[in-house]
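Asks: Sequence:
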Amino acid sequence: MTHCSRPVASVLFALLAALTLWRVSSAEAALGLSAREIDLGVLGPGESGRAQFRIANTAAGSIRWTIEAPAGWEPRQARLSGESGASPSRVDVTLDSLRGESGADEHPMQLRIASGGRVLVMRRTLADGPWREALRIESDEGGRTLFLRFRLADTASRPVLEVEPRGIDLGETEPVREITRTIRVSNSGAGVLRWQAFPGGTGTAPGAGGIRYFSLYNESLQAGRPYAAPAELKDALQLSGPWTAEKGYPKASGVGCALRIRIPGAEVVLTGRGASETILLRSSVDEQPPREVSLEETDGGRFEAAVSERLSDGPHSLHLQVVEGAVILEGVSVRDDRVTTPPAAWIRLAPLSGTTTRETDFVTVRMTLADLKPGPYTDQVTISSNGGTVRIPVSFGISGEAAPRHLAVWRFTRGEDILYTAQPEKEDPRYIGAYRRTGPAFRLYGPGTAGTAELHRWYNPSIGDHYYSALRSGGRKNLQGYIYGGSVGNIATIRLPGTRELYCWFNAETGRHYFTTDAAGEGMGRRGYRFEGTVGFVLR
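What the sequence shown shows, in the numbering used here, is residues 213 to 752, in sequence order.
One should not assume that every hint holds.
Here are the simulated DSS-like cross-link-like pairs (lysine-lysine), alpha carbons at most 27 Å apart as the crow flies [to be verified]:
{"hint": "1", "residue 1": "Lys585", "residue 2": "Lys446"}
{"hint": "2", "residue 1": "Lys638", "residue 2": "Lys585"}
{"hint": "3", "residue 1": "Lys446", "residue 2": "Lys459"}
{"hint": "4", "residue 1": "Lys638", "residue 2": "Lys446"}
{"hint": "5", "residue 1": "Lys459", "residue 2": "Lys638"}
Keep in mind that the hints were calculated from the coordinates and are not lab data.
With the sequences and hints as input, model every part of the structure.
Replies: As structure tokens, then:
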């Protein structure tokens, strides 16, 4: 080799080495993290720390990755896995101190890693002091370590916003001038809580769709006493088993607790709080087979659970069973395309802000309904603070003017099925649209009329059959599979002037009923129907 060629060779060897190192580092750099260490802060009893990082693929194509529990932690699942391609994967980290589950100087902790709808949950009991946990992320192209840093303290370290109730449900109401409710604001943490209240949402066009909220809160109940449905849900909610009141909400402890609630349709989400480490719920809609409910944890030990997929048009019956553990239920949210938001400024709040350490503040909510047209409405009230933010749904339905003395009842038919209603314009159009309007049927009495009782209505979507009774229980009739539809009006239980009988006929082969004021049953006896009895007396 000549004297001149030696430097050239050296340069070539150096360049080759650099290219080799670049290829190696490129392969190793295919897995990238947006952070190498996360500080979750100081956590006292019952407090939470939250953070977020991203897993990226710095090379071409996509990369598969997995996260396993750090050493010493007990996971509920084996691992969390995902895939990162052109867009990085977002990973949410939540560390919760589980209040009251261990002795002094010990903190039962729960670490929750979530990405793309998948969750890895693990637990471990830790002592007071600083901690630095290693979270290992493995992939096709090697691994990375993310450190979680936090400090555990035996006292609360910051203010925590607590708000009750978590939802306001006015039920069906007339367009009155004003309705007032109260929201309680308190601080369950340390220091001074500074909060602000403001109404949420602005007017939207009718038909824009929304969420109708049904609150299970009953402020008239004492803690530990048997739970009873609030007045707004007394006709829609049925309970079985030992339900007790917990701050006005139903608490189920042990096997045998179940509820059935009538809902208008679409997606249904249940909200509540866990009262035990293990919770197992099952739900079913109408007569569908029950399925296990997946609980998605939110702030403050609360959860959300999707208990049904998109449902068909019309009313449905949701059945919820507590199989294992204890749970406190707060409300049910139902997507309904008919729901709209009231015009701006229909809600007034006072006061709009405040500070508190241990005392409870009260926010008065004044709602003006006088100018609202009939239909379902939903809005919200937001309480924001240095200890968190809570959005409180406000739902109601405007029923129209005050109930008249007498109600004209219309008859709708679909085959042999008869639907009686005094307010066809208030029925769900997706439900009543399947029926043919045949004309006026009879008249019923208004509420509170002496010698009358409510005429209750049920519907069985499986066989397409309506049933009517002056007894809320349905009498001796087996109503399994039937959905309660409320009261049509009041029917006379004794013969009053100007009344006639409303008869019931029954077909034992099909399980269907036929209700008519014709004593001959409109010839239904020739179609397999037999006379079953008199429901009551209606006005001509």
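Asks: Indicate, hint by hint, whether the structure satisfies it.
Replies: Consistency of the hints with the structure:
{"no.": "1", "hint": "Lys585 to Lys446", "verdict": "holds (24 Å)"}
{"no.": "2", "hint": "Lys638 to Lys585", "verdict": "holds (12 Å)"}
{"no.": "3", "hint": "Lys446 to Lys459", "verdict": "holds (19 Å)"}
{"no.": "4", "hint": "Lys638 to Lys446", "verdict": "holds (19 Å)"}
{"no.": "5", "hint": "Lys459 to Lys638", "verdict": "violated (34 Å)"}
In terms of the numbered hints stated before, the structure departs from hint 5 and from no other.
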